[in-house]
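Model the full assembly from the supplied sequences, consistent with the hints where possible.
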Amino acid sequence: MGLAVLRVLERAGHPAEFPAGQTCCGQPLFNTGHRAVAVSLARRTIQVLQPYDAVIVPSGSCTAMIRAHYASLFDPADPARQEADALAAKTFEFSEFLVKKLGLSSVAASCPGKVTYHEGCHLARELGIRAEPRALLRQVHGAELVEMDGVDQCCGFGGSFSVKYDRVSTAMGNSKIESIKATGAPTVVSCDPSCLLHLGGLLRRQGVAVTTRHLAEILAAENKP
Amino acid sequence: MKPTSTRFLPVADAALDSAQLQRALTTATGRFTAGRLAAGAELANWQSLRNQGRAIREEAIHRLDELLLLLEQNVRAQGGEVFWARDGVEACTYITDLAHRRGVTLAVKSKSMTTEEIALNDALDRAGVTPIETDLGEYILQLAGDTPSHFLAPAVHWNRDQVAQLFVDKLGIPWTQDVGTLTRAARAALRRRFLEAGMGITGANFGVAETGTIVVVENEGNVRLTTSAPAIHVAVMGLEKVIPRFEDLEVLLTLLPRSATGQRMSSYVSLLNGRRRPGEPDGPTEFHLVLLDNGRSRILADPEGRESLYCIRCAACLAVCPVYRRVGGHAYGWVYQGPIGAVLTPQYLGPEAGAPLPFASSLCGACRDACPVKIDLPRLLLHQRERVVEDVVKRHSGFGALGARIAGWFLQTPARFAFAGALVRTFLHLTGTGRWLRNVPGPLRGWIASRDLPKPPARPLRDLVGK
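Residue numbers (our numbering), protein chains in the order written: chain H, 55 to 279; chain G, 1418 to 1884.
These are calculated hints, taken from the structure and not from any lab test. Where a beta carbon is used, it is the ideal one built from N, C-alpha and C, also for glycine. Hints are not guaranteed to be accurate.
What the hints assert, rightly or not - Here are the in silico distance ranges between beta carbons for each label pair:
id: 1; chain 1: H; residue 1: A162; chain 2: G; residue 2: P1877; range: 50 to 58 Å
id: 2; chain 1: G; residue 1: A1431; chain 2: H; residue 2: S160; range: 49 to 57 Å
id: 3; chain 1: G; residue 1: P1873; chain 2: H; residue 2: A108; range: 43 to 51 Å
id: 4; chain 1: G; residue 1: G1883; chain 2: H; residue 2: R184; range: 45 to 53 Å
id: 5; chain 1: H; residue 1: A131; chain 2: G; residue 2: N1468; range: 28 to 36 Å
id: 6; chain 1: G; residue 1: L1881; chain 2: H; residue 2: A236; range: 35 to 43 Å
The following block contains the structure:
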């Protein structure tokens, strides 16, 4: 998935680097109430990403962590607060960057047949990114985007929620899988690797012949006529 | 109602196993949400109404001290009594003492989560005053010895057949599935109680400071009877329910019913200004307003948690919550359910008693989008998670937060991160063959019970392209 992101960006004439100094944005710790640890990870993430003009994140929920929550981790008097704001202003989710910043109007990718799109909650609800991934999918050669019922419903991943409250998480995921199956699409695409990990695990366990793909993997597939 | 919030998981599991409950929850929450969306969509200014509602509630909580004194003054000016109750015990004692002084042995009640919060029925029973719930849902629960699972539709977990059997057993009517017949049986049993009761007890949706008006919304007419037939009316109001001006009701009485049931207006809206006045033919001869703190001023003192006091109890967040819709209200273990319950319960009862609740959410944010006064429920859930970690996890076990500290240590430098990644990769590659794992020991048990786990790639991205 990471290589696919780099390939798509390179093909779009906008090569990107993977800063080896990065670790984790801290969202899992922030979301489980471990604020102090999350603050220290946010500080180092801000430093590691400081030299870059733009930061592209192939995950809606990591993007939301940086854009919607980083600033709240720091006291207004803390210089890190301004750095967090500056990072938020130059951080983009992958599909958002392609559409809004690069104005990508055609993609050299091919994926014949139906695809359905799973909307991550943080991407759609916290960042309001709903149109961009769909616009890109519609440009994929041969792909027919079929919307699923209840597309705005959470898939049930929720980080540690998926392990601590595993039966509730699974029940939510199963509803999502019914919606996916009803589209008849053999591929479900998302901008959130963690939703895909959860949905993919459920689909695989239940023997459902639907594969999960990050949007970047679809866009990276060569258009071979 | 006695709190059992710490037992979230077993109750949730039982709910997931009950096909009847799953059907009831899906139907009811689906109906509520469809109604809310339709009722909001027909108003062009719905979003601006939400902003206005938010501003009114912000102002009310910001000016709480001053507005409550004004409310008290205006209620007294109309001949009403006002009692400030620090907690549930004080509130219950005031009401039972009043009943004793007036020789009341029977009290009718309309639906009120605030009186559930202070376990008023138990207190009345102990004091020799029989409480009769007159809201149909609450009446069903009282007959059955059950507790509410939704603060709008308290008996949402009951279906028609169960009510039919309950009425055969408790009211002695022949078995029938006809809802009309069942409702008439309850009505007949309740009607004479209104006339016999010496006291009527209600909650309050709003208390208007500038006019001393107590507002109660309902659909069954039982509030009308509760507040007019008995000689004494007692309204129990959480002190956050005060609003500044009468004209604020234009906004709030638009937002509340549309967000709650999808109704343009509730069947009945009672605006109550004190007791019967000289020359009036009916109405109670005494009116008592019990202003209940019970932890609310503590919530007010917390700038991070204060926003939860804006809630107008429409239950829209319950209906859209994918967790509530599957586990039902009893899993939340107390009076308030769903996302707002997961925020309120640990604040009222302490982080220990409500510890599992803030974590019982995928943080999807559907609640924030549905809330008519735009409460940022995910932010409040995160705040309560932090409080649970600080006050419960760290205090009770030296190891409680160790996992997070270890994780933080490994994530602090790329070398440690890469090392941890290598450990996990090696472990997972030793665990099984093939690309997908079906059996992983240790902390991932909860995952692997229902989901396969893909093996990580042999080499991480940072090894391939890291700069």
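Evaluated hints:
1. A162/H with P1877/G: 50 to 58 Å: 28 Å Cβ-Cβ, so the 50 to 58 Å window is violated.
2. A1431/G with S160/H: 49 to 57 Å: 54 Å, holds
3. P1873/G with A108/H: 43 to 51 Å: Given range 43 to 51 Å: violated, Cβ gap about 28 Å.
4. G1883/G with R184/H: 45 to 53 Å: 32 Å, violated
5. A131/H with N1468/G: 28 to 36 Å: This hint holds: roughly 30 Å between Cβ atoms.
6. L1881/G with A236/H: 35 to 43 Å: 38 Å, holds
Checked against the numbered hints listed earlier, the structure breaks hints 1, 3 and 4; every other hint is satisfied.
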